[in-house]
Amino acid sequence: MLPPATPDAQLIKNLYDVVFVLAVVTFVLVEVLLLVTAVRFRRKSATDSPVPVHGNNLAELGWTIVPAIVVAIVFWLSIDTAGKLTGHGSSNAPITRIHAIGDKVAERRVNESAAVDLVVEITGRQWFWTYTYKTAGGLVADSNDGKALVLPAGKSIRLDLTSADVIHAWWVPQLGPMLYVNPGERTAIFIQDAQPGEYIGQCNFFCGVRHAYMLNNIKIVPQEEFNAWYKGSVAAQETVVASR
Amino acid sequence: MASISIPVRSQDKAKSGLLGWLATVDHKKVGLMYMVMAFVFFIGSGLLALIIRTQLAAPGMTLVDPNTYNQIFTMHGTGMIFLFTIPMLVGGFGNYFLPIMIGARDVAFPRLNAFSFWITLGAGLVMSIAFLVGDRSAAAWTAYVPLSTSTYSPQSGMDIWLLGLILAGIGSTLGAVNFMVTIFTMRAPGMTAWRIPMFVWAMATTAVMVLLATPVLTAALVMLVADRNFSTQFFTTSNARLWQHMFWFYSHPAVYIMVLPAMGVVSEVLPVFSRKPLFGAKAVVISTALIGILGFTTWVHHMFVSGVSPAIERFFIFTTMVIAVPTGVKMFNWIFTMWGGSLNLKTPLLMCIGFLSTFVIGGITGVIQAAGPVDSYLHNSYWVVAHFHYVLFGGSVFGIFAGLYYWAPKMVGRMFDDKLGKLHFVLMFFGFNLTFFPMHILGLEGMPRRIATYAGDRGWAAGNLVATIGAFTIALSILVFIINLVKIARSKEAAPADPWEGNTLEWMIPSPPPEYNFAVIPTVQSDRPALDARNGGVTPAAHH
Ligand SMILES: [Cu+2]
Ligand SMILES: [Cu+2]
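Residue numbers (this note's numbering), protein chains in the order written: chain A, 4 to 247; chain B, 120 to 663.
The set of hints was computed from the structure by calculation and includes no laboratory data. Any given hint could turn out to be false.
[Said to hold, decoys possible] Derived BS3-like pairs (lysine-lysine); straight-line CA-CA distance at most 27 Å: (1) A:K47 <-> B:K541; (2) B:K148 <-> A:K47; (3) B:K538 <-> A:K47; (4) A:K16 <-> A:K222.
[To be verified] A few chain A residues that don't get close to chain B, going by computed Cβ distances all over 12 Å: (5) V54; (6) I82; (7) A151; (8) D168; (9) G187; (10) Q226; (11) Y233.
Where a beta carbon is used, it is the ideal one built from N, C-alpha and C, also for glycine.
Bound-form chain B, shown alone (with noise of 0.2 Å):
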């Protein structure tokens, strides 16, 4: 059996301690790092919305005043997306899971990992201090021109937002280039594509999508601070929609870099659930390429009420409703896939099956809002509070739990409670759903997004108490989340190598892995290379 061994240098040991999680440049602990980071911002994100639900509980609430209510939920919106679904995604699982899953000591360029990390955490802290300390940034994530030029938005809590921004997009791109290269460069012996894991798959797709899109959103967001400090007119002349363009070429692309990384957990997490393979896998990896092809050229369906004209809402309709195709196989696929199985119902396989019943509601109302007229009305009502929400909650955050469950035994090297985790998953499940079910009748009902307040006779109170009565459901969710981490903390049963009969390479090495992972860089033969060591080193189906 052919295989490379390459010896461990053992002044490469890593330091322990404080000093061994700062100066680190190991992925493992950077990933960690990233985890932890995204999960404060998560719960902070998350407090912020349980204010806004509580002051929308009623009409006419006067918990927070507007200009307060509109900085909160810029900074919710802002925080979930860039200090928590992208970095713990991308830089937690990414930087934790994929140099592992291809066969690799590390990530092909260390240094710069542990460089992104810092510089995000950077963003984060910057974006963080100014809103703990005031003159915060209230134009909403969308920072639309000209309400955030410095005629409209003359706070300085825009311009720390703005440079917050700048700072976590470097990081990601950063970080999308040491995956590329990882990927393509360190795969260990006999990994050739069709045998790379579904999750690393996604992750490639994700960071062909940061390298394209997160520059564009950069450029834009120091147009927009020297437009604001130095006088110049990129957005303060003719060009209105120039702002949108720009913003939504990254904006569009950015729901596939939150959720394809989390369709790629669920890729990796059903088959192993289901003790089945990958139902039609090359077609998963078609359709997620397809999708990250096709995630560009559909911006403009945010702005077909900004006054494009007819031909080109024409063009952007059909691009918008074509991604439901590729996107539709990928369900069916994942069915398929536990069709015929062996379900083993634990809270990473919920957490799975939670993701494919919610994200099937955000994808199908994708399409019906991408029908123009029909979008003449739900644009920027409650409707698509509700649809990006069964996307980015239903889809993203179901994904995130279900890695999380999945992977916290190989990261931690204990077992969770799975009752506990079966308790966090029925709460958020029914809460995910109280929450943002009823929105979709809001919109429709006439309510817009972004406002801090409502009068008792718009017919919306009933609707607006259950969404609220669900956010805290949720919250209810996280803690019994949290007490389960506490509870691992305090396991003393350690876990197996391999406590779920898994595919990939990462359960084949010691719980948690040793400091570069592997003594002895393992040769694949097959997509299911675990399988393979189980039953005994061949594979008996490897090829059909």
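Chain A on its own, in the form it takes in the complex (with noise of 0.2 Å):
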């Protein structure tokens, strides 16, 4: 996996990485047992013959019951990671992920259940993304000339996603969760804590012709110097705006 920039991607790193190592022990346990069993018992004359075993109570026993151990570890794993990643939500405190625009009373609750420095409204187009920044000047971006979005390290973000046409979905592997961006519909993605960089997103719902290019760069710097940033944009926003 690509090297994790938030504690979210972090806890999917991790849980993949057990997931693995108990992968990898099945496999070669099954695939070393099938080799030896194919070179050992290879048919030495043309009269052997083999006591015919029917079956063994007892070993098919053991391995409905050991495998069905290990998927239940893996299941626990699961849950316990997806439980806490952030705007998941707990049993006790779910948060809707899925809203239809406009619905007030859900947008409340999920500007209630988790309390963010910035919000970002993130529109997915055939075939760019369009960034709306919720706070004071209301910066509006597009990727569709290479920029980047700009978010501030070590902050707790949430992204509202919505789409203008088709299904598109929000993919930066190594800042968190994947989810699709639906149209009509409102879904949040949070970005907790992350770790100044750059990093690549790429549209990962085929939407149509150009989807290979549907790409977006994240840029994730300090706070002060996010803060400078979002002055200047939102002056050169002003400026163009009062000159048309």
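With the hints as a guide, bring the two chains together.
So, in structure tokens, the structure goes:
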């Protein structure tokens, strides 16, 4: 996996690493057993007559129960990690991940459930992203001209996702989970305590002709740098609006 | 010895020549036509895969433009699933061997059977013509709404694609009814539940799954056609996930529709080529049935990142992981069928070993992906492409070739060249792993599926080049198989009725089987009637 840059991405990687070890053990066990069997029991003479074993209840019970235990462990680890992800919600305080645009009740619930420092509304379009900062100045930008989505490091940020046309998917693997971006609905992704750096995102739901080109850069910068950049960008935006 | 003899009326004798094939209702001829059709689509969809792999061999390639690329991968997926794998396993092997293996002279409804074939061929032709003359569908085989609506896919190719799938769905639903009735009512005397061959058990489970799942897809397709052409609003209003639910309610079980018959083939070949009974046959049957039932409870694992609630996600993580248990049981039972046996390492057995060693990877990666948070990284990445090819190529395709080599002497009455078969196996095995193993790594490195190209700075070039080399190695292996087919056609070496010391009824009749299969319907006294016959009509160790 690509190096994680948020605690959420780290949680996902930790889960993957544990499950991967269990997977490798299972894989090696089965393949070695298969290879040994295939080599050791080759037909030696045309008259070989092996013992006609029809089964063995104890052995079969064994290879039912042991995999069941392994699977139970993986299940438990998965839901444990899922519960720890920001914004995924726990069973007693679930966050509604989807709501129709304009659903005020749901919006209030999302707002109250996790206090955040910054909200950015993101709209997926064929084949770029538009960013609207929900803060003073309400900066609007898009990924079309190769510009990055700039966000402050070490803060909690909510990205409110929707689509203007078909389904897209928000996927910046180093910053946390992926989520579909659906038309007519809002879904929320949280970026919590991100480390400074530049990260590549790419639309990960097939969305038509130029799907392969729907990339976006995310630039995480320290708060002061973010503030300076934001002020400058808002001023530039105001000049553009005023000159129209 | 009680046996039933039904005289065959002379006017039922089939016509020969082209008309004999066009007008046939004989399950064997229908089965062979399914197989030929499926193989043609395997070659066609495989050639599309080679274009995909050539385009992705290096960053920034422009062999095809993005729009053409999207059409090509849409048709590759559609063709391999609906026009190759399902028709080959269910229509081909199912039709040819299911009736013989239960000691029947044909399926329950022979004319309906022929109809199923012709409508499936019609589906294939409709989709191919649309593909060849342009204006093609380019919304991926999943055809998610709203990309597939008339707003975003206005081309008529999309409607033709939908029509093709509706036809294919009708064909396979009718086929499933036919198989179920055949298995229920036409078994030879003495063939009790536990004496039914493993392949037939697998087909029975598959038929039930087709019957429950396919109509849901067909309904969704009809609804989408109506939305596109008659201004209905099934998918265009509030619930964006309705299509996804209906599509995956079919398409997850479809994985088992494609894998269970291949598992059935493996369960037939392994005992014969190990000279041992199937280890834990009852557990294998029960596991098959459990996979069939549980297969209907997991479809939302395709939607974890589409915005389902955490509680629903938790439920479907559980159901998805549970399927690994009966699958694991079968895996160990197969290996222990070989353990202590006398392994006849001919091509059919090698293909089965190929199945076991690759399918296990697809099974394990399935559990990894089912872990919700991990899925939120790997979903739709090249990892997923690797995973389902390990299931559908590593599983189904190796199983199909195991079956083709195993039954070729029976179907055509000639022997194949085993050396060429082994060469085919080795090339395909290494080619397959070269192609698909690196895709796991590409997915972990962040490469999404269904992209027409990628930039050189993403670090994906090496893995993609290896995958492309692997794909051409697979193509070479298929060429070797075709050469073998030609050699079989020219061969003078007649195959005996039972070249492998088989267990099931098809090995007790001549190769190729005569019209109506059995002059005298046999009476079955154990789960291995052909072995009984070799031992002089009695089973020395029928029950333990
Ligand atoms: Cu997109
Ligand atoms: Cu599935």
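Legend entry - Those earlier numbered hints the structure runs against, lowest number first: Structure breaks hints 2, 5, 6, 8 and 9.
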